[in-house]
Every structure is written in C-alpha cells, then in structure tokens.
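> One-letter residues, chain by chain:
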Amino acid sequence: MSPNNRHFVPAVTRRDVLVRAAHGFGSIALASLLSPPAGAAQRVNALAAKPPHFKPRAKSVIFLFMVGAPSHIDTFDPKPALDKYDGQLLPASYGTVVSEFTKGDTPLLKSPWKFNKYGQSGREVSTLFPHMSQHVDDLCFVRSFYTESTVHAPAMYQVNTGRILMGYPSMGSWITYGLGSESENLPAYVVMPQPEGTPEGGTPCWGAGFLPAVYQGTVFRPGPNPIINLRPPAGVTPERQRRTLDFLQSMNEMDTLDTDTEMAARISSYELAFRMQSHAPEAVDISKETQATRELYGLDQKHTAEFGTRCLLARRLVERGVRFVQIYSGGGPVSVQWDAHSNLVANHEKMCGMTDLPIAGLLQDLKQRGLLEETLVIWGAEFGRLPMSQGGNGRDHNPHGFTMWFAGGGVKPGITVGETDELGLNALEPRHHMRDFHATILQLLGLDQNQLWFLHNGRNEKLTDFGGNVIKEMLA
Amino acid sequence: MRKIISAALITAAVFGVGLASDKDTTDKEAKFIGARGKYWAFQKVVRPPVPSVSDSWVRTPIDAFILSALQAKKLTPSEPADRIRLIRRVTFDLIGLPPTPAEVDAFLKDRSPDAYTRVVDRLLASPHYGERWALKWLDIVRYADTNGFEIDGDRSHAWRYRDYVIDAFNHDKSYDRFIKEQIAGGEMFPGNKEALIASGYLRAGQEHLVAGNIDPEVSREEVLTEIATNVGQTFLGMTVNCARCHNHKFDPILQADYYRLQAIFAGAEGKEVEIATPEEKAAWEAADKAYQERLKPVKDALEQLQKPYRERIEATELAKLEQKLQEAWKTPEAKRTPDQKTLAENAKSQIEPTWDIVVAAMTPEDKDKRAKLRAKLHEVEATEPDPLPMAYAYVNGDQPAPQGYVLRMGDPKNRLDPVEPSVPRVIKASYEIPKATVGRRTALANWLTSEENPLVARVIVNRIWQYRMGTGIVRTPNDFGVMGDRPSNQQLLDWLASEFVAKGWSIKTMDRLIVTSSVYLQSAAPDKDREGVDPDNRLYWRMNRKRMEGETLRDEILSVTGSLNPKLGGRPVRIPIEPEVYDLIFTEHERDGLWPVNPDKSVQNRRSIYLYDKRSVRLPLLTAFDQPDSITSCPVRPVSTHALQALSLFNSDFMQEQSQAFAARLRTECKKDNQACEVKTAWKLALARTPTPAEQKLAKKFFTGGGNLVDMCLALLNRNEFVYVP
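Protein chains in written order, with our numbering: chain F, 1 to 476; chain E, 1 to 726.
These are calculated hints, taken from the structure and not from any lab test.
Beta carbons are placed, not taken as given, at the ideal position from N, Cα and C, and that holds for glycine.
There could be a bad hint or two in this list.
Listed next, the stretches of chain F that the computed footprint assigns to chain E, with coverage defined by at least 3 CB atoms under 8 Å from CB atoms of chain E [to be verified]: (1) 130-144; (2) 210-223; (3) 385-398; (4) 428-437.
Please build the complete structure, drawing on both the sequences and the hints.
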C-alpha cells in the first residue's frame with residue numbers, strides 16, 4: 001500500500017517541517033502525512049502546495065451545485081420545437097425513455113418561459129435568470145452532457161466522484177491530493193450545503209473515499225464558527241487554552257527525536273488548529289464588506305440573503321487560498337430542491353429567485369477583483385429534466401442530455417459547446433460523459449488525468465477511471 | 001475442441017495450474033492464464049524447512065526465518081522493548097485497550113521466565129480479544145448498520161453478524177469453519193442459527209434501496225458485484241473484480257471467471273430469517289401490540305391537527321387547476337374514465353402538500369401543539385420493543401438460479417456468452433461447482449478451505465502478521481496479484497501458512513506464536529545504520545510503531561478515564577452527535593427524531609465496535625483518525641495527521657467530558673488534594689508509566705502558572721505518546 005507517487009511529499013527532517021510550519025508553506029494540515037509502510041521513509045504535509053503537471057489556467061474552483069436538477073430546456077437550452085409539439089406524445093422514433101418515475105409516455109410540455117439573446121455573444125437564456133443573463137459573455141455553456149443514472153444519489157456521486165457508486169474520492173479530494181493548498185490557515189476543500197439539509201448523496205459527495213482523511217471536504221456551517229469543534233468549550237478562555245496547549249507541546253517536544261517527522265507533524269497540526277481558530281472566523285466574518293458588495297450578492301434581500309452569503313464566502317475563501325469550494329443550492333425537503341416533479345413553474349421561479357442575483361454578483365465580484373481569471377466557476381447539477389411532463393405540470397429526471405456552464409479559469413467565454421436533439425431529450429454526438437467533465441477540469445488546473453492516481457486494492461484508481469476526453473472547444 | 005483441451009492440459013502440466021477441465025476456456029484464454037499462472041501466489045504452499053541459525057535470539061521458528069533474512073543483509077535485530085512498552089503494546093494489539101496500572105505492576109514485579117507468556121495467555125482469553133479482531137475483520141468486509149446511498153436505511157438485524165464475528169474470534173473458531181459459515185451458512189449447516197447469521201457476511205456491503213424505477217436486473221447485478229468483489233479481496237487476496245469489464249489486465253483472471261464466481265451466488269438472495277423461539281415470538285407480539293396501542297393516540301392526534309390544514313391547502317390548490325383536472329379529481333374513483341384516471345393522478349401530485357407546507361400554514365398555537373405532539377411521538381418511539389430476532393442472512397431461493405452470462409462492460413442489459421458457476425481457472429484444483437442451485441456455495445467454501453488452495457491460508461496469516469507487526473509480509477493484503485506487493489519473506493509467509501493449516505486453522509495459535517517471538521518483542525526505536533540498508537523495515541529489524549485507530553483511541557480514552565462500559569454485544573448504540581453532524585443526515589421529511597440517543601450515559605460509553613455505523617453519517621473523532629467509510633474493503637487504514645484531529649481531540653464536548661471524568665477519577669484515587677499523587681496516577685493510567693522528573697517539573701510549572709487538573713488531563717489525552725504504540 002505504498003502509493004509511490006509524486007503526490008506524496010518525500011521525507012524531510014523534523015526541522016524542515018517546523019520551518020515550513022513557521023513560514024506557513026502548507027496549510028491546515030501542514031502536518032499531514034501518510035504512515036510509511038515501515039518507519040523510515042516518512043512523509044510530511046500532504047496538503048503543502050504541490051506543482052501541477054503542467055502550466056495551469058485555474059488555481060481554484062467554485063462549484064455551484066443545483067441539487068435536484070434544474071431543467072436545461074427551461075434555462076439555457078431553448079427548444080422551439082417543444083412549442084410546436086406541446087401536449088403531443090413523444091414520437092415513437094425516440095424509443096423507450098428511462099427516467100425515475102415516468103416512462104416517456106406522458107405528453108411533451110413546452111417551456112413556460114421565454115428565451116432571449118444576451119450580450120455580444122448572443123447566448124440564449126430564459127427569463128428565469130434576469131441577472132445571470134447579463135454575464136453570458138463570460139460563460140461557456142456545454143449542452144451535451146449525459147450521465148449514467150436516473151436517480152439523484154448515484155448521479156450526484158457520478159458528477160462528484162466519477163462513479164455512480166458511493167465511496168469514491170470526490171473531485172475536490174482528488175484536486176487537493178494533486179495540488180495541495182495555497183492556504184496557510186484554512187481547510188483546502190470547503191463545502192457549504194443548503195442550511196435546510198444535505199443533498200440526497202449526503203457526505204460521500206465530498207468524501208475522500210479511500211484517499212487519506214486529510215483530503216475530505218470540510219463542511220462550513222452558517223455562523224461565526226464554521227468548522228465543527230473550532231471553538232474551545234464554553235468557559236475556556238484563549239489564554240487557558242494556550243496554556244494547556246503549551247503544556248502539551250512541551251511534553252511532546254520532550255520525547256520527540258529530531259528526525260521524527262511524523263511526531264513533528266503532529267506537533268505542528270496543533271499549532272495549525274490553534275491558528276485556524278482565529279483565521280476561520282475571520283474568513284467568514286463579512287461585517288467589513290461594503291454595502292455595495294452586500295447588495296451585489298443580494299444580502300439586503302430576504303430571498304437571496306442566505307445563498308448570497310455563501311457566494312460571498314466562496315469569494316472570500318478563494319481569495320484566501322482555498323483550493324476547492326462547493327456550494328449546494330438545495331437539500332433536505334423537496335420544497336427546497338430543484339427537483340420539479342410537479343409544479344415546475346413555482347419550483348424553478350423560487351429556486352432561481354434564490355440564486356440568480358447572488359451568482360451574478362459572484363461573477364461580477366470575482367471579475368472586478370481580478371480573481372475570475374484564475375478561478376474556475378462551475379454551475380451544474382446531477383442531470384437535467386425531461387421535455388415530457390410529469391403529473392401534468394412537472395418534469396421527471398433526464399440523465400440523457402443536460403447543460404452546465406463554466407466561467408473564468410481558462411475557459412473560452414461567450415460560447416456554447418454541443419447540443420441536444422430537437423426536443424432536448426438526448427445529447428447529440430459528440431456528447432460528453434462526466435469523465436470528460438472531470439478531465440477538462442483537471443486540465444484547466446494543470447493536472448493530467450492519467451498521472452493523478454492512487455493505488456487502492458490493487459488498482460491504480462483515477463478520478464476519470466478509464467479516462468475521459470478533455471473538451472478542447474472549452475479551452476481559451 | 002480437442003485442440004483447446006490439449007492446449008489447456010499442456011499449460012496445466014507445464015505450470016502446475018488446474019486447467020484440465022476448462023472446456024469453455026478458449027485456446028487464447030488458456031495461454032493467457034498459463035503464462036501468468038506461474039506467478040508465485042498461485043503455486044501451492046510448500047512448507048519450507050526452518051533455517052538453521054544458532055543464536056539465542058531465536059525463540060520461535062519465525063525468529064529463525066527473520067534472523068536468517070537479516071543476516072543475509074548483514075543486519076542484526078533490535079534490542080527487546082522495555083517491559084512497560086511491551087505490556088502496553090501487546091495489550092493494545094490483542095484486546096485494543098490499555099493495560100491497567102495493576103496489570104503493569106504485576107508484570108513488572110513478576111520476574112519468572114514465563115511472566116510474559118502468562119500475560120499473553122490472559123489477553124488471548126479476554127472477551128475483548130474478539131472485539132479487537134472484529135474491528136479489523138469488519139474493515140475488510142466493509143460492515144455497517146445501514147444500506148448506504150440516499151435513504152441509507154437501517155439494517156436492524158445486521159449487528160448479529162458483528163457479534164458472530166466477535167464470538168468466533170473469542171472461541172477461536174477454526175478459520176476454515178469461519179469461512180464455510182460465512183460463504184454457505186444455511187446451506188452447509190441447516191438449522192444452525194449461528195451459521196445462518198454468519199451468511200450475513202454476503203450482505204455486509206452497501207445496497208442501493210430506493211424508490212422509483214430502479215431496474216431489478218441492475219440492482220441484482222450490483223448485489224452480485226459486491227459479493228464477488230469482496231469474496232475475492234477478503235479470502236483470496238485477489239482483485240477478481242478488475243475482471244468485471246474485461247479480462248484482468250495483470251492477473252490470470254478471465255472476465256468469464258468473474259461471472260463464474262458471481263454465478264455461485266446467483267441462486268441465493270438476502271433475506272431476514274426469523275430465529276425467535278415460540279416464547280420469544282409470543283412475548284414480542286404482546287410487547288409490540290402494547291407499543292402500537294401507545295403510539296396510536298399520538299398519531300391520531302397529529303393527524304387530527306393536520307387534516308383541516310391539508311384539506312384547505314388541497315382545496316385552494318385544486319381551485320387553481322384547469323377545469324378538466326378538477327372534474328377528474330372530483331369524479332369518484334370508480335366512475336373515472338381512463339383519461340380522467342391520469343388527470344386525477346396529475347391533480348393529486350399538483351395539490352398534495354408536503355409536510356413543511358402544511359406546517360407553514362398552521363397558526364402559532366397549532367404549530368406549538370404539533371411540536372409537542374412530535375416530541376411525545378418520539379418519546380413513545382423510544383420505547384419500541386426490540387424487534388423480533390432475525391438473522392440478516394443470505395439464503396438459497398425457491399427458484400433455480402438463473403443462467404449466468406458474461407456481461408459486456410458489466411452491463412446486465414448486454415449479455416455475451418453464458419457461463420456456469422466455477423472458481424477462477426488459474427487456481428482451480430479438483431473441485432467442481434455443481435450446476436444445481438443448492439450446493440454451489442458449499443462447493444466454493446470447500447474449495448476455499450482445501451489444502452490445495454494456494455491463496456486462502458497465505459492471505460489470512462499475512463493479515464495476522466500485519467496486525468501484530470504493523471505491516472504485512474505482503475503490504476497489499478487484499479491483493480496478492482501482480483499489481484500487489486511481493487512478499488518481503490516468502491519463506492516465512494509459506495511456513496506460517498503451512499503451520500496455520502497444520503495447527504487446525506487456529507488464529508489464536510498463530511497470534512500466540514507471533515506475539516511471543518523475538519521479532520515481536522523488539523523495540524521500535526529507529527536506527528540510522530539499519531535504516532540505510534532497509535529503510536522500510538521490510539525485514540523486521542525492529543517493531544513498527546502503530547497509531548491508534550479512531551475507535552481504539554476512543555476506547556483508550558474511555559478506559560483511562562474510568563468511563564468505559566465493557567459490556568459485550570447487542571444492538572448498535574447511537575451516541576450524541578454534534579448538531580453539525582446531525583444536519584448531515586439526509587431526509588426529505590421532518591428533521592426531528594432522526595438520531596434517537598439512549599439517554600443512559602453508561603450505554604453511550606460502550607466500546608466503539610458497538611457504535612451505530614451509518615454509512616452516510618460519520619462520527620467526527622473517528623473519521624478524523626482515518627476510520628474507513630464502510631463502503632469499500634479496507635485492508636490497511638491510512639494514517640493521516642491534520643488540524644481537524646487536533647480540533648476534535650482538544651475542543652469537543654466528548655473530550656471535555658472525558659477530561660473531567662479523568663480528573664474526578666484522579667481526585668478519588670488520591671483521596672486528599674495531593675497533586676503529586678494525581679500526576680503520578682494520571683501518568684500510570686494514561687501512559688502505563690510514572691512521570692520522569694522533567695515531566696513532574698513541567699506539570700508543577702503548569703499548575704503554578706494557573707493550569708488545572710482537568711486541563712492537565714486533556715493535555716495528557718492529546719499527547720503523542722498516548723496516540724501511538726511504539
């Protein structure tokens with residue numbers, strides 16, 4: 001089980017570890033290390049920043065995940081033919097349609113929203129996104145994604161981990177495993193779920209799978225203490241905690257040999273934890289943001305304030321060197337998900353209303369601060385929705401074709417890649433599997449999908465498994 | 001066909017692998033297997049002679065193998081570890097708990113030559129021995145108490161398999177019998193409850209149970225994949241699952257072999273089998289009836305409260321619908337036209353409110369009433385009688401097993417050639433798997449435990465060695481294939497395998513042999529010169545330092561602070577979780593009552609092996625210390641070190657509570673306010689030794705600087721020495 005791979009930093013002396021700690025080379029887990037197969041060849045700081053395989057276009061990622069799946073044909077992939085065939089059955093030529101509850105024998109349903117062309121690029125967006133549509137010149141739409149499962153959790157696992165099965169390392173884990181972190185005092189990989197509840201796939205969506213625990217996503221919760229157990233128990237003052245910590249550290253120092261990097265790493269991890277206690281609350285303290293910024297993210301409006309806060313936090317985290325931030329819109333009760341099996345109009349207007357302005361604000365803010373160039377923003381979900389109706393006014397799941405968009409981080413702006421058929425049911429060739437999605441993201445971050453591997457139970461496991469194709473048209 | 005058979009025969013003759021009856025193996029495949037079948041792991045175990053090295057260091061045959069390998073590299077073994085380290089090491093290794101100060105003192109005072117072996121025998125006889133082993137075994141078979149995936153439902157009876165495993169190790173059940181019961185429990189030992197429970201092994205993995213159009217064929221294939229994958233990894237140390245989509249890229253496993261292995265399990269299925277006695281059943285029925293009667297008034301009251309709101313919402317929503325939908329809805333069910341039936345269904349899905357919408361519509365008074373009723377409901381639910389005892393088993397079905405096929409890229413919709421049940425050709429000896437549904441698993445179990453099988457004994461002795469010495473002789477314990485590690489000392493591995501079978505497949509015998517060897521007794525201290533020759537300690541010139549698993553660390557803390565409840569077995573225990581963790585439980589329903597905790601503190605302080613293991617919700621302390629996710633087999637736990645561990649171990653409520661308990665224990669044991677005694681006792685409890693003068697000085701300085709006893713305890717429980725076993 002010795003993954004002799006460049007992603008593990010080779011042995012250094014304990015002095016080096018401590019020097020690195022002092023200079024904040026690494027990150028929260030500066031002190032992370034794998035137990036060597038036996039003793040001597042010890043490794044330190046799994047999260048120290050590591051050089052990519054080649055010159056990267058993006059340094060960090062913000063992944064906006066729309067839980068439950070928005071309808072592509074009602075947002076970014078207009079289908080005029082649906083207006084024509086509204087109420088009719090799907091032509092037999094389409095064959096049987098696999099979905100979760102329906103079987104493709106319900107009538108086609110036209111989009112209740114109008115589409116307009118925006119920006120110089122003339123990209124089409126429905127009236128659901130009055131704010132996001134102002135940024136189409138920065139967006140790259142891919143309309144030809146498909147995925148393997150028609151059920152939420154497996155499909156979420158596939159977007160996040162590459163497999164429809166539970167328990168594989170998530171993309172953020174792979175990326176932090178590959179690149180380490182630029183942040184000294186914060187987790188490398190932060191996840192912000194919907195406060196009402198977790199997405200169907202649950203914590204495995206941001207799990208490390210068989211990679212060491214240090215690479216798993218750290219959940220940030222609302223409030224001043226975003227990380228679990230960040231604060232000392234009530235009644236323990238910082239002075240008191242420091243005193244106990246000093247006592248612990250002197251005991252540890254006493255019996256640690258100078259060459260013992262593993263123990264040195266453990267000593268450092270306590271210093272980093274201590275620093276995190278002040279840095280994490282600082283990172284989530286938005287009180288010093290200007291009124292203009294707050295309005296930009298919709299913090300002044302009831303329906304956008306919550307998601308807007310998380311978007312603003314994403315910017316603040318990326319600014320502070322966090323490598324991968326994932327925000328979930330939706331989770332918990334069906335009424336707070338994009339899963340419009342019934343009442344498509346009410347559902348999508350509500351969910352778009354909560355997210356449209358904040359996402360537009362995030363894009364604008366990243367741009368004006370010069371962060372968009374090196375930050376890859378992704379908007380997507382586990383699948384799309386069917387052109388047929390469910391229950392009269394809803395839509396069932398569509399894994400056969402759906403849209404995601406990308407911005408910044410070396411992506412070609414203002415273009416559309418790929419297409420679905422006339423009705424928006426199936427992605428047309430060259431359609432793109434989630435493996436292509438992952439291969440492209442790794443490419444933008446300077447990572448070669450085939451060089452990023454981990455030996456697990458006899459197999460060199462990779463995010464893209466059998467390999468994906470980088471979607472070249474997307475690259476600027 | 002004749003040509004094919006002869007090719008196979010020749011290959012078999014040349015390479016000594018069993019290809020003789022492979023009528024359905026093509027010429028090309030036979031060549032593929034034949035060439036790769038020469039690999040060491042597929043050769044029958046031949047007991048090697050014990051090297052003759054005359055040295056007083058040699059106490060066991062193991063030592064002779066190790067010493068001769070060291071001498072070949074001009075290395076010498078390390079000094080023996082001191083007695084304190086030794087008793088701490090062997091106690092953690094064999095029972096997963098720290099030695100008590102009394103046990104340490106007794107060992108230090110006992111200067112008789114067999115003092116150590118008596119400690120070992122005491123530990124091997126401890127009921128905690130089985131718990132220690134179960135933690136390792138359950139990692140390999142990726143056991144959990146829930147199904148996994150989004151619903152991640154409870155498996156109310158799975159825990160009996162966990163207890164079965166603990167019990168098997170405690171009673172030193174022979175490993176061949178252990179395998180037979182798990183692979184073919186009900187089939188080989190009809191009427192034996194224990195064997196039926198053991199077959200729960202085949203269902204230990206995750207299973208995707210969810211609403212909606214889940215294709216039964218796809219689900220069935222997922223179940224068989226889980227089984228075949230784990231049987232390969234656990235018993236054979238082979239990644240047969242790599243051959244699911246194509247012939248194995250590295251090992252001589254055909255894609256057909258993979259589906260032949262699956263076919264062995266295809267005639268059986270997961271089932272909860274009642275194992276209650278008639279008396280137990282009668283008692284349960286009475287208890288359940290009483291429980292339902294307690295539940296009914298609360299449920300009725302809730303329904304009564306919600307009904308008018310729900311009906312009002314439905315009426316309002318209905319009025320918004322198109323006329324034809326309204327009409328269909330209002331038409332009595334029996335009188336609806338086929339069209340109206342669809343429309344009525346549509347209407348239903350459009351007007352039916354979810355629980356949160358109903359609650360939002362309530363008056364503050366009714367909301368309050370409802371909250372109280374929900375609390376009452378959970379109170380009653382907490383008194384639910386234990387379910388009727390069932391075996392969470394895997395049993396033969398009523399139908400003959402369906403024909404097996406090779407599946408293109410593992411896709412059940414894409415069948416290629418038919419296959420019959422069989423074991424991988426490369427290691428097939430004379431055992432035939434019958435085509436009849438009944439008997440397939442028996443034949444597999446007999447084959448696994450036959451002396452002809454080159455892998456099974458090697459794989460398990462390697463695991464025993466790994467758990468005692470810190471690394472395996474083969475460091476990839478689930479993969480003895482070409483992509484896996486080569487044994488650092490194959491002679492030793494083969495001798496151990498042969499000895500294991502000769503001594504009746506007894507794990508305790510092997511454990512005893514290893515922990516009483518000079519190899520095991522060595523110090524873990526590093527050494528520059530030896531590291532220069534063997535940096536990874538593959539030849540075992542010293543002991544490897546081990547870090548506590550998250551579970552063991554928790555058990556150690558509970559034990560040291562005097563809080564541990566040592567009760568064995570029973571239903572899994574939910575301990576209190578942080579609100580942040582509670583939030584991560586997925587539900588589309590109401591968020592109350594999702595994690596019912598037993599309010600009895602002593603129940604919460606059970607050993608970690610008994611904690612409720614929910615695949616999608618992990619406990620922060622355990623997961624921070626690399627507890628695996630119970631989703632794939634974990635043969636070696638990673639050891640990572642990071643700041644979240646420090647936060648968990650320094651700031652959590654659990655640690656606060658435990659350092660207080662520790663301080664209280666010290667105060668009791670030292671009677672009066674005696675700081676020196678408290679420090680000394682704390683060290684003995686936590687580290688099995690007395691504090692050094694320098695440490696005493698440090699502690700004194702800590703107290704004079706304002707530190708208190710609780711904080712000293714917290715620091716001690718965080719110390720490197722506490723978390724590692726050298």
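> Indicate, hint by hint, whether the structure satisfies it.
Quick rundown of the hints versus the structure:
1. Only when three residues or more bring their CB closer than 8 Å to a CB of chain E does the claim for the region 130-144 of chain F stand; here the count is 0, and the claim is violated.
2. Coverage of the region 210-223 of chain F by chain E holds [criterion: at least 3 residues with CB-CB distance below 8 Å; count 9].
3. Given as covered by chain E, the region 385-398 of chain F passes the check, having 5 residues with a CB less than 8 Å from a CB of that chain where 3 are the minimum.
4. Under the rule that three or more residues need a Cβ within less than 8 Å of chain E, the assignment of the region 428-437 of chain F is violated, with 0 such residues.
In this structure, the earlier hints numbered 1 and 4 are contradicted, and the remaining ones agree with it.
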